[in-house]
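K.L.:
Spelled out from the first residue to the last, the chains are:
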Amino acid sequence: MREIFRSNDIEIRFQLKKQIIIRGPSTSEFNNHLNKHLDLLPPTENLRIINDQNRFLAKLSFDQWNLIINEEIETKKFQKLIDNLNSNSSTLATDYSDAQVFFRIMGSNRFKMLNKLTHFDFREKSFKTLTAAQTLLARIDCAIFNFDDYLYISCNRSFSEYLEDRLIDAINF
Amino acid sequence: MSDLNVKDNKFIQFHQKISFQFDGKKYFAFKGDTIASALLRNNISLVGRSFKYHRPRGIYTCGIEEPNALVQIISEHSEPNTRATIKKIYEGMQIESQNRWPSLENDIGSINSFLSPLFTAGFYYKTFMGPHKSFWKKIYEPVIRRAAGLGKPPKEFKAISNHMHHNVDITIVGAGLNGLLAAKSLINSNYDVLLIDQDDQLGGILNNSNKILSINNQQPSEFVKEIIQEIQNASNIQILKNTLVTTYNYIDHLIAIEDKFVGSKPTNDKVNSTLHKIRTSHVILSNGHIERFLSFQNNDLPGVMLSTAFEKYICRYGVSPSTQPVIFSNNSNSLSLIKKLISIGHKPRAYVDSRSGEEIETELFDTIHRNDIPIYTNSLIAAAHGKKHIEKVLIENNSGAISEIKTDYLCISGGINPDVHLFTQSKGILDWDEQHLTYKPYKSFQSTITIGSASGQFDFSKIDTELNEKLSIFNVDKIKLDIKTNVCSLLKVKKLWEVKSPSKSIWAKSFIDLQNDVTTKDIRQAISEGFDRIEHLKRFTTNSMGTDQGKISSINALGIVSDLLDKKVNEVGTTIYRPPYSPLSFAAIAGRNTYEFYDPERKSPIHSWHLSKGAVFEDVGQWKRPWYFPLNSEESMHDAVQRESKSVREGAGILDGSTLGKIEIKGNDALTFMNLIYTNDFTKMKPGSSRYALMLGEDGMVKDDGIICKISDQHFIATTTTGGAANVLTCMEEYAQTEWPELNVYMNSITEQFATFNISGPKTRDIMQKVFPDIDFSNQTFPFMTFQFHTIDQIPIRIMRASFTGEMGYEIYVPAQQALKIWEKIHHFGSDFGLVPYGTETMHLLRAEKGYIIVGQDTDGSITPIDLGLNWMIGKSKKDFLGKRSLTRSDTIRPDRKQLVGIIPSNIDNHLEEGQHVVLEDKIQTPMPMLGHITSSYFSPTLNHSFGLAVIKNGHALIGTEAFVSTPDQKTIPVKIVNPVFYDQENQRLVS
Amino acid sequence: MLLIQCPFCGTRDQSEFTNGGEAHVKRPDGSKEISDHEWGEYVFVRANPKGIFYERWVHLHGCRKWFNCVRDTSTDEILEVYKLTDPRPDINKFNKIVETPSGEPNVGSGNFTVKK
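Protein chains in written order, with our numbering: chain A, 1 to 173; chain B, 1 to 992; chain C, 1 to 116.
Be aware that one or more of the hints could be misleading.
As the list claims (entries may be wrong) - Think about it this way: if two alpha-carbon atoms lie no more than 25 Å apart in a straight line, the pair counts; the simulated SDA-like pairs of lysine to any residue are:
{"#": "1", "chain 1": "A", "residue 1": "Lys128", "chain 2": "C", "residue 2": "Asp36"}
{"#": "2", "chain 1": "C", "residue 1": "Lys93", "chain 2": "C", "residue 2": "Glu77"}
{"#": "3", "chain 1": "A", "residue 1": "Lys76", "chain 2": "A", "residue 2": "Phe62"}
{"#": "4", "chain 1": "A", "residue 1": "Lys80", "chain 2": "B", "residue 2": "Lys241"}
{"#": "5", "chain 1": "B", "residue 1": "Lys241", "chain 2": "A", "residue 2": "Lys76"}
{"#": "6", "chain 1": "A", "residue 1": "Lys17", "chain 2": "B", "residue 2": "Lys241"}
Said to hold, decoys possible - To give an idea of the chain C side of the interface with chain A (calculated C-beta under 7 Å), a few residues:
{"#": "7", "residue": "Asp13"}
{"#": "8", "residue": "Phe17"}
{"#": "9", "residue": "Thr18"}
{"#": "10", "residue": "Tyr42"}
{"#": "11", "residue": "Arg46"}
{"#": "12", "residue": "Gly62"}
{"#": "13", "residue": "Glu77"}
Unchecked claim - If you want the ones that stay clear, here's a sample from chain A, every Cβ over 12 Å from chain B, calculated:
{"#": "14", "residue": "Asp9"}
{"#": "15", "residue": "Thr44"}
{"#": "16", "residue": "Ile69"}
{"#": "17", "residue": "Met106"}
{"#": "18", "residue": "Thr129"}
{"#": "19", "residue": "Leu163"}
Quick caveat, the hints were computed from the structure, so don't treat them as lab data. We put the beta carbon where it would ideally sit given N, CA and C, even for glycine.
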């Protein structure tokens, strides 16, 4: 974790996280399969996030779930988890830990700053706590995870320098 | 000179003197002044020369509608066409007048005015399209056109602007009386409200005029202060000042530009302007009205000004342009101006009204009489005269008698138009208001509400009724207002579109569009030439096509046309008002998406290594890819590429292929799906093997290529081209979702998860064995086109035996975070074997020697696999795949299709260029029948001559024959058409 | 800039979406023999009506899901958004549509090609 910026009303940290993108049909069999290996009941409502202490699971579409792990996890154990998830031939679980980077954005000014880069409607009535959204931020694809007083924004790794520069730029200008 | 300052004013800080320069001369004004009010304060009325005729022009209005007073701000990167009536001055501001040479007072370009009978309506059309085109080239273009125009483009500078997006429920455009009242009603409602005003002071008409005496027994200024305070305290309302809404898009999407440096000099380190992009559920347009001017001879002279503008200069800017102007009107709107002038001790020299004594309102008549102002009823201003400023006016009464009055200012009012620009941009429908002789909003197309004068409601006593009715959809509390005014109880207008000139001279001019120098005569001429449709007429005459979009004059033009055509104005219709309402700079539109952020940049996980090795980069899509690695600053690109490719052929080379697309495909029906997407048949393919595959569009043309790895019938990995990665995934998703939803298959892009290294060359196996000692790289256990998964030091690594260079090689897939470590390890062990890093140019050269195509370079969306000679890749026994049926269409089986061949110059000293045409004849003739063109060309260090790939008609049959390649210098190069594989045709090096 | 309601993510700005042309065009079954003409109709020919149009969109910069939409091409008004699995809405449902800005009829001007 690396602090990128900090002021009274905004704070940005760069993080790498273990992440698995899980694709599969929204069936009870699939939910059981996930529950069995994750010990988490996957959210059924689109864009919902469920979380426990060390991880969160977001349903980003009717056939896609993102599992994000907030703690250090042994490579072997993590690999085993992916293999277990993949043990069902109708499910695809892909390691995304190296594919994407995370920006954790806190502070009262976070929405105003982000609205310099995106049209996305951050108002509480449109974007509730513990929901996620995929949208365009500074013209690149991003996923936004909305928690109580902070956001996680993930983007593809190749764009990480670009997005970091844009976030800083949005604070400065 | 009498003092023009009216010091009873709270907007101008008379204690804060400001100096500024106009055309190099120093003047003083006060904090709060616009350029226009500052110039008026200094008794300057000549501020520019007109667009076409270089006529002297002054300040006509006091706002955004200004057609004349456009200036260049030298102290701001020489910003041109700035409206003097809007832009606030600051200490040290340098202003220049525009479109004059050598000086504003003595302008040589005004010769155009003497030539003016030449430049009638349609001048440009006629000289461009007419029979005398040489006339244009020799005289008009070099001499006259140079003299026409507006400001000069700014010098080199980096503008700083940013964007801001808003999502709100209600946007109120215009914080005048109605806008403020609407905002107040919405305080503490459930709606998020954005209140926008172009001025730095909210209040509109309350600040700008003498029209309102009291509201609920409160002084207007007190009323404004209180209501603004309340609105500012409301948590659900955001106020944007100095912000002009320029655009109203579908669906309820507004664009507004905010000036961040009002009244001070913009700095180079802060945002100068913000472009607001507002998505709202409702729009309340309370953006007011614009006064019309009147057309008469020399109505453009400096000293002619709109009545409301004159009133605004007194009330808002504390300057009275003149102490005794003549007022000319066809309506009741001048009463408040007259009252204001009297109250500050000034007195109009005369009041001229086109209406009869009976038609003029009693309040107006009485005020004029009581103050002993000479009144001319049933009269018109027939002409204004003066050299560079108005000196006298000619008044014509209804019997045609003309009298002359000396004056230094003439205030005119031709009626009032609701400012319908935004409403029409929103596609709202207008209707003709016969009472007020203007277009007003009739039917909204979007969620638009118009209130106040913007809706054509000019009666102050009905403001509360209108608001209560129109805001009822928001369930707000009803309001009751008691407004006392200085205006006639009803706005009355008498039709008057123009005053016919008493002078018959061909130089006499009555303008209908001041900015574009269009005269009423031009309108008449256009109609007589048949341009009687309003949109045609607009373009033929350029009427209302200036940057002001004819805000004060376009209705007058419609009126004149309707009279000429003997039609009603609403039958003539109106031209469409297009965004932006007022010019937007490109810098504002671009925002921060310029310079370093012009296009998002993608970087490989080992980008830093390339940088440290001095790589020269090439843009491939958004990716930064190493193009070549020069050894030092001396080594040219050609030398570097020759060296790199030789090293690969003789030793080993490694390419960062991380940008190549990689897609993981899984599901019970993955095999069926892959067989449908690609041309190849994967059914019999062994797990653990890989295959070169083609993807077609439904039209049968090659769309992408890549290598498919089969893990099992349920699990595949596909690689794609760098540029095609997103498209291939999108295409797979599209077919999986829309055509074959019954198939159980899912795909994820793993492009970003893995770095990819392509290592190849005869020494590769030795290097790999050193880097990965636990893996058996022998040909038996790891043959060509197979792949293996390993975990080495806890790092999952995938290795595939494949090559794009023609040498034996491997593709290594490493998780991105470990990529640099492994890459450096390979270089560590590779150095003993002469391993070099190579870039995309060497990769292109090596693959071309081998006859491997690059989709998008050797193909262009019109090439089938058959054209490429890749018939063997088509799974003919498959019932279906994308584009299969198209491969037997009459067009795709034509024998004369362009097909891929190799090209070698007959004389090996000759060099070929990509894009050159392949022809049959040695001699250049016109037209030259073309066989095709060269798609790739390189100098091969292995062959020691230039060679190329080309697509030419019936190419496969022409292999072995000779042709020519045309060059730009009228010569042809003799070439041989050959098989496109130049190197190791037997694939010995690949599979060994 | 339109606002489009993705059936899975909710209402979003148009910039997140890509238009996929006419909806309900069935890809011919590859295993059956069809004429060049029939196949050409599928590959190259699409309706482009003035008025009510059934079309496809994909939420490309969002959930990457395809869906269908009924749009009035003369006003740009989106009349209905429905999932690929939903039945095609009856055209007669859309008789109460917004008047065009120009006052012209929503359907007509010689290019009446709405397929009922």
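K.L.:
Is the nearest Cβ of chain B still more than 12 Å from the Cβ of A:Thr44?
P.N.:
Consistent with the label, A:Thr44 stays out of reach of chain B, its closest Cβ about 18 Å off (over 12 Å).
K.L.:
Grab the minimum C-beta distance from C:Glu77 to chain A and call the hint holds if it beats 7 Å, violated otherwise.
P.N.:
20 Å, violated
K.L.:
Regarding the pair A:Lys17 and B:Lys241, is the alpha-carbon distance no greater than 25 Å?
P.N.:
43 Å, violated
K.L.:
Would you say A:Met106 is clear of chain B, with no C-beta pair closer than or equal to 12 Å?
P.N.:
The claim holds: A:Met106 sits with its nearest Cβ about 20 Å from chain B, beyond 12 Å.
K.L.:
Straight-line Cα separation of A:Lys76 and A:Phe62 no greater than 25 Å?
P.N.:
Between A:Lys76 and A:Phe62 the Cα gap is close to 30 Å, so the pair fails against 25 Å, i.e. violated.
K.L.:
So is A:Leu163 really clear of chain B, every C-beta pair being over 12 Å apart?
P.N.:
8 Å, violated
K.L.:
Given a cut of 7 Å on the nearest C-beta pair, is the interface hint for C:Asp13 held or broken against chain A?
P.N.:
At about 5 Å, which falls below the 7 Å cut-off, the nearest Cβ of chain A leaves the hint on C:Asp13 intact, so it holds.
K.L.:
Are C:Lys93 and C:Glu77 close enough, with their CA atoms no more than 25 Å apart?
P.N.:
14 Å, holds
K.L.:
Once the shortest beta carbon distance from C:Arg46 to chain A is found, is it less than 7 Å?
P.N.:
Where the cut-off is 7 Å and the nearest Cβ of chain A is about 27 Å from C:Arg46, the hint is violated.
K.L.:
Next item in the hint list is C:Phe17. Is there a CB on chain A closer than 7 Å to its CB?
P.N.:
11 Å, violated
K.L.:
Regarding the assertion that A:Asp9 does not contact chain B, is the least Cβ-Cβ distance greater than 12 Å?
P.N.:
The assertion about A:Asp9 holds, with a minimum of 16 Å to chain B.
K.L.:
The output says A:Thr129 does not contact chain B. Does that hold with a beta carbon cutoff of 12 Å?
P.N.:
A:Thr129 clear of chain B: closest Cβ-Cβ about 17 Å, beyond 12 Å.
When the structure is compared with the earlier hints, violations turn up for hints 1, 3, 4, 5, 6, 8, 9, 10, 11, 13, 19 and for no others.
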